[in-house]
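Assemble the dimeric complex from its two separately framed chains, guided by the hints.
Going line by line, the protein sequences match chains A and B.
Quick note: the first sequence, position 101, residue 101 per the numbering used here, numbers continuous.
Quick note: the second sequence, position 54, residue 54 per the numbering used here, numbers continuous.
Read the hints as simulated data drawn from the structure, not as lab findings.
All clues stand as given, with none of them false.
In silico EDC-like pairs for lysine to aspartate or glutamate, Cα to Cα no more than 20 Å straight-line:
{"id": "1", "chain 1": "B", "residue 1": "K18", "chain 2": "A", "residue 2": "E400"}
{"id": "2", "chain 1": "B", "residue 1": "K16", "chain 2": "A", "residue 2": "E400"}
{"id": "3", "chain 1": "A", "residue 1": "K375", "chain 2": "B", "residue 2": "E287"}
{"id": "4", "chain 1": "B", "residue 1": "K18", "chain 2": "A", "residue 2": "D395"}
{"id": "5", "chain 1": "B", "residue 1": "K220", "chain 2": "B", "residue 2": "E143"}
{"id": "6", "chain 1": "A", "residue 1": "K352", "chain 2": "B", "residue 2": "E281"}
Residues per chain are reported as follows:
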Amino acid sequence: MSQFDYVISIGGAAGQGIATPGNILARLFARQGIHMYAYNAYQSIIRGGHSFLTVRCSEQNVRTHGDVIDLLICLNQDTMDRHLEHMRAGTSVIFNSNTIEPGEPADGVQFCPMDVGELAGKGANKLMQNTVAIAVACQLLGIEFSALEDVINFQFSGKSEELVAENVRVARGAYDHSAATFQPASQQMPTGGEPLAVWRGNEAFAMAAAGAGVKFYCAYPMSPSTGILHWMAANARELDIMVRQVEDEISVICMAIGAAHAGCRSMCATSGGGFALMTEAIGEAGMMEIPVVVVDVQRAGPSTGVPTKTEQGDLWQALGASQGDFPKLILAPSSPLDGFQTIPEVFNLADKYQLPAMILSDLLISDETSTIDPKLLDMHPIIDRGELITEAGDDAGSYERYKFTDSGISPRALPGIPGYEHVVASDEHMPSGVLISDEFTHPHKRRAMLEKRQRKMDGLLAELAPPVIVGAPDAEVTLVGWGSTADVIQESVGQLSAVGVVANHIHFKWMVPFHADEATELLSSCKRTIIVENNYTGLFHRYLRGETGFTVDGHIRKYDGEPFKPHHITAAVQDQLAGGEAISVPYEEIIV
Amino acid sequence: MSDTNVEFSLKPKDFKGKVDPDWCPGCGDFGVLSGLQRAVAELGFQPHQILTISGIGCSSNFPGFFNSYGMHTLHGRSLPHASGAKLANHEMNVIVTGGDGDGYGIGGNHFTHTSRRNLNILYIVMDNQIYGLTTGQISPTSEVGMKTKSTPFGSIELPVNPIASAITAGATWVARGYTGNMKQLTRLMIEGMQHNGFALLDVFSPCVTFNKVNTYQFFKQRVQPLEDLDHDSSDWKEAIEKAMVWGEVIHTGLFFKTDARLTLEEQEPVLDEGGPLAYRELGLSKEETELIVSRMM
Chain A
1 MSQFDYVISI
11 GGAAGQGIAT
21 PGNILARLFA
31 RQGIHMYAYN
41 AYQSIIRGGH
51 SFLTVRCSEQ
61 NVRTHGDVID
71 LLICLNQDTM
81 DRHLEHMRAG
91 TSVIFNSNTI
101 EPGEPADGVQ
111 FCPMDVGELA
121 GKGANKLMQN
131 TVAIAVACQL
141 LGIEFSALED
151 VINFQFSGKS
161 EELVAENVRV
171 ARGAYDHSAA
181 TFQPASQQMP
191 TGGEPLAVWR
201 GNEAFAMAAA
211 GAGVKFYCAY
221 PMSPSTGILH
231 WMAANARELD
241 IMVRQVEDEI
251 SVICMAIGAA
261 HAGCRSMCAT
271 SGGGFALMTE
281 AIGEAGMMEI
291 PVVVVDVQRA
301 GPSTGVPTKT
311 EQGDLWQALG
321 ASQGDFPKLI
331 LAPSSPLDGF
341 QTIPEVFNLA
351 DKYQLPAMIL
361 SDLLISDETS
371 TIDPKLLDMH
381 PIIDRGELIT
391 EAGDDAGSYE
401 RYKFTDSGIS
411 PRALPGIPGY
421 EHVVASDEHM
431 PSGVLISDEF
441 THPHKRRAML
451 EKRQRKMDGL
461 LAELAPPVIV
471 GAPDAEVTLV
481 GWGSTADVIQ
491 ESVGQLSAVG
501 VVANHIHFKW
511 MVPFHADEAT
521 ELLSSCKRTI
531 IVENNYTGLF
541 HRYLRGETGF
551 TVDGHIRKYD
561 GEPFKPHHIT
571 AAVQDQLAGG
581 EAISVPYEEI
591 IV
Chain B
1 MSDTNVEFSL
11 KPKDFKGKVD
21 PDWCPGCGDF
31 GVLSGLQRAV
41 AELGFQPHQI
51 LTISGIGCSS
61 NFPGFFNSYG
71 MHTLHGRSLP
81 HASGAKLANH
91 EMNVIVTGGD
101 GDGYGIGGNH
111 FTHTSRRNLN
121 ILYIVMDNQI
131 YGLTTGQISP
141 TSEVGMKTKS
151 TPFGSIELPV
161 NPIASAITAG
171 ATWVARGYTG
181 NMKQLTRLMI
191 EGMQHNGFAL
201 LDVFSPCVTF
211 NKVNTYQFFK
221 QRVQPLEDLD
231 HDSSDWKEAI
241 EKAMVWGEVI
251 HTGLFFKTDA
261 RLTLEEQEPV
271 LDEGGPLAYR
281 ELGLSKEETE
291 LIVSRMM
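Extracted from the complex, chain B is given alone in its bound form (with noise of 0.2 Å):
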């Protein structure tokens, strides 16, 4: 794999995709994208050694607006896409950016096995708490008693616990953010993108066309950043404890944080040495070839 030996910094314009976002005028989104932007370019990365990858969703479009190398997925399936990619060139950095129904509804699934494989990879959801891109439908985040086109009498279940469920699968960093406090956005892209290992970033990202409940109003009234408490954010116990708050206070910032456990690539021998795999060559020596037909005499 090739690299550049010049070292310069870029700003986050230069993160600035091949086309702008289409996002509704007001929309939480532009607040990640910009986020995003700054984030890496305070880190020193270069557009060629991330890989942004998402499914399908207003949000899932992230990486068409942001400079990289990018995937832009099925709905549901940026997680398994980015573990793949990961696995196979393990020096890339790889970032997943989605909403709450392609993450925690359709890729449900994947959210929880992902969250235990503990692949070194930053997942940013843009959590609106609403379909938008199906023109207003209730999402997995939605809060009992919603109304939307699917739900008019209000919704009657439960909605997911993002940030707990991500600590009790083995996610080994849990934040959450809010596009209406950018400088605390900001700093935990940095440190999500820093933490070695599966770091989920929930980000409360209003709709401005199809949630008329969780607006920025309603945020403003509600949030609380840990950083403000003293919060223990090793201690998960605690960190579930404030993860199931939710009603005049809605806390944000990082609840969990752990670097007890290996990745997976670090606990794979496969990737010890030799480089990403992607860039290996291939073909087998005569010895692995003359191992493999003398087991079988």
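Chain A extracted, bound-state conformation (with noise of 0.2 Å):
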């Protein structure tokens, strides 16, 4: 028998409490050591509209929601309405007979409904229907009541006792009636696993974070970026974090950079708007050569956008971020483990390259919920602060802050600290800090300062690990990714080699500075490139032709809002193969 990996789909209206199920659902799994990974789709409203979260659990670590739905929970006639038609034989749906209509199913499509009014009683709460679909969900799929207890008490400990055993004793009706009534699901859940941790993609970039040694984060709120402001405030006091709420993104980033320069490691985040308010002091952060991190988690754009929709659209932005010619970091990192493992390194290279780095994530990583091994979360990384200098030594005094140096670091003292007084400017300035705009715009001064910036990058490139094929060396097909789709082109691969196609895979994570030599001959070596972008103009494509002079054999893009399922790129990749055009646009059969 093959290995247990079922999907499971809730919809409902925004305030119809789709959340709870779903976290009762993860906690359920993650305990039972089944690996889970969801995927919300959502709208920017608080009441109405149509959410659809989609959890996949499987024995296996999954990264994606997948291709297909096994279980539909229908907490509203709307979504019976739109998404009956993407269940097959041997699925199963769950609805609540008193409200809802069913539709007409294929052919093999378990209907379970179910009498809520009945189970849980006259006027009893509208979202006790959550707590009947989850029970039967849990009977279906062969999950002992005595796990799905545990949950909802853990779930809803704080709120009433009443309330919490109202809710066990209308589960344990729901259970029995699917038990007496309904064909077991397809699969059986395993038990007994070790336990699982769960988290989202923002808490384990906040988490690193504070592993890393933050002791300021600011913030503005920010969809889909607010998780990581919410962590922070959440842990500041027990962690002696300073977290701040701000005006506005300039004054967060500005925040920031003041908190950097008196000796804070310090992280802000935002989305796309609010970085294009935070570029100019990326840039003065970059002259005054002061270590910040800033994460960009993108959402679909221009302007407002779609703002609960995924896109990969900023990359222009953060690298064209800011006026003017400077030294920084940019990465995108491909899953929340990646950023989680990433982000103290980040904090490191940005504190000895003095300089800000930009993290590119998206809302597909961001807002993921998943499970992670426990063992994984180590948050003891190593803490590099470079050539900084807390206390006065030999050179009090005579200190310059932007000494040359064959490196172009010049040692950062910490204000407070007697003998080493200096300006910090964002005008051009000579080794002591003295602006060269109040003497003369010397041209020699200028030139001389900017290539000791400019020669921080030489150092910095060496330290990133440069791009390597993953999979079979020789294979018929490249495909190449960067940031977030890195999971869904692996599984993708997975897919094609089913069917005989012999698929590997490029990622790109680290940004600027770009091993454009290595990318060059990996490249190079490939009998057929295709490219994955959630975007239109294939936004990395351009940057890596750019960098390389190296163009693709083809494009997979999407730009609908909605992530890549690993059948979307594995028919893309068989088209293209077959001779189809060298740019596939899939189509997303989810309407949300």
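Structure, rendered in structure tokens:
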């Protein structure tokens, strides 16, 4: 029997509480050692609309929400009407028979109507249908009732005992009714594995920053980055982190830079619109040589765009952030775990090379809820602050903040130390910090200082891991990606292999500085290259071509707001290999 | 954070920066610079204990002319930089210097919000009612009717009232100085620094090159120190009333002061013990990480 891999989708309007059953399922799977990945398609609305949460659970470490739905939970009529067509033989549909009219199912789809009024009693809370649905789902999957009861107790901890008892009673009734009435699900969930932890992408990034010693975090709320602010605010006092919500993103970045200059490891996060406001100050950090870490959680743009949808649309905004030409670090982590493991390194590099670091996340990975093996949660990374002066030494009285060095790195003295007084300036300056525009705008001094700063990029590039090929070296086709598409591409590589297409994968994380030589060599060794991006014009491909002169053979692009599913990529690759058009734009079948 | 144990007092000239000011001869900003040098010497500060932060503009070149730690930041953004720096190292004496365009125009949003946050910062605005560095356009404090290169037919916009704005926004110490009265100005600087909270010191600092209206002569005829009147600076209503006076008489001195509000630093438990955040050990303890992970299970 193949391994357990099952997809549950829950649909309802915002305000109907689809988050609660989602959280209950996530905990339930995680506690049994079942891997889980959840993607929530939703809108920028507090009440109404259509939210569609897809939870995939598996014995394997699944990293996408998959291609199919095995169990549909309808919390409203709209969900039944929109998604019944996606259900195929062997699947089940749970719904409240008091309020929802079933549609016409395909052959072999099991309907599980639940008389919520009868089970919960008249006048029961409307949210009780969620408890009923979860209980039926558990029963269909063969999960012991006691496991569900534990999680209900956990989920409603802090609520009244009556409420918890009522939920358990209703769940029990629904569970027993299901056992007596419905056929078990096509797959039964194994239990007893080592418990896993549950996190969201933004929490992973916040935790990583806390572990790396961030002491100052500020933000202006903006979806889909706000989860980082929430985690920081909730943990600030326990972990001694200064967390501020600030009047706008301009103030956010300037406060972070001020705190960084004074000596704190500083971070801020936003989405594309807020990032646009921050850009002038990002150049300032480059000029003043102040380490600051900025996260841009991309969403579909431009302008206000589609606030709750994903896109890889801000690459060039990050590349072009601020006027002028200055050293910077830009990266796009591929998953919550990748971000978690990379962020401490980003803080070290920002400190060592004294420059702004920009992390390009996106809604897909920042918003995902997934399980993680707690053994991977090492929150004691190496902390290396580079050449930082924190107490007076021999050069007191003769210190030069922007001293010329071979590496371009000038030791950085923190304010407060006698004998190291200096001014950092957003104007061009001399090694002493004195502005050149205050004296003469001396071309040789300008050139020397600009070259000093830029020299840092050589050292920085040498510290970054070059790109590699994952998979068969002599593959028929190489899928190229950057950032959040890594895991969906990887799953597609597996699907292609199952149909006899040997594919491999090159994924880019470090955008600036860029390993152009290594990338050119790798790409040139490939038989056929297809690049996968969540945007319209192939933003990364244009950058890659600029840095390497290499042009790929084909493109797979998606820009409808919804993420790629593995089969989108698989089908597009097969089509292109069969002579189809060199640009594929997969059709999104789930309409939310 | 290391500190010197040697007790000695410095003279104003010890706070002279690495370069001499490049302001126009006769600029009011010279008075602000010498006043602050005198004030910090009198308070017994040493250069490494002070962080001066500015934005962009003629007066924002200030940190370069003053011997202390300094940040010469972006146009309009001095206050957020200063707020971040102060929260990172609340033992530093943070002084923000800049002009009226920088502070009340492009930085107006930050001015309002920094006022209500009540960080322990002294904000000195060299208010010359004109844009100097861009060679003479109206500023947010220019009077109605003022003719400049950008308003050849006279300004038709009402000027902002920084004193009244700061009071209503929540600043806890609000005063106005004038570079034609150095004794008063220096005293206000000392008091502003001694105040525990956000202190705004708006200073009439005439631009002799581009502002031919608000000249030394103009102010000499009008300024009236509040200390010569029976003004109660603890009464915000009276303070607002005095702030609204503009015409034959313009008041200088301390308009408003309250000690009734805690500073942001005092309200942040993260700063209660352990010294400045900037100098603390980094990294989490085993107990802290175990707690974080346990909440995820």
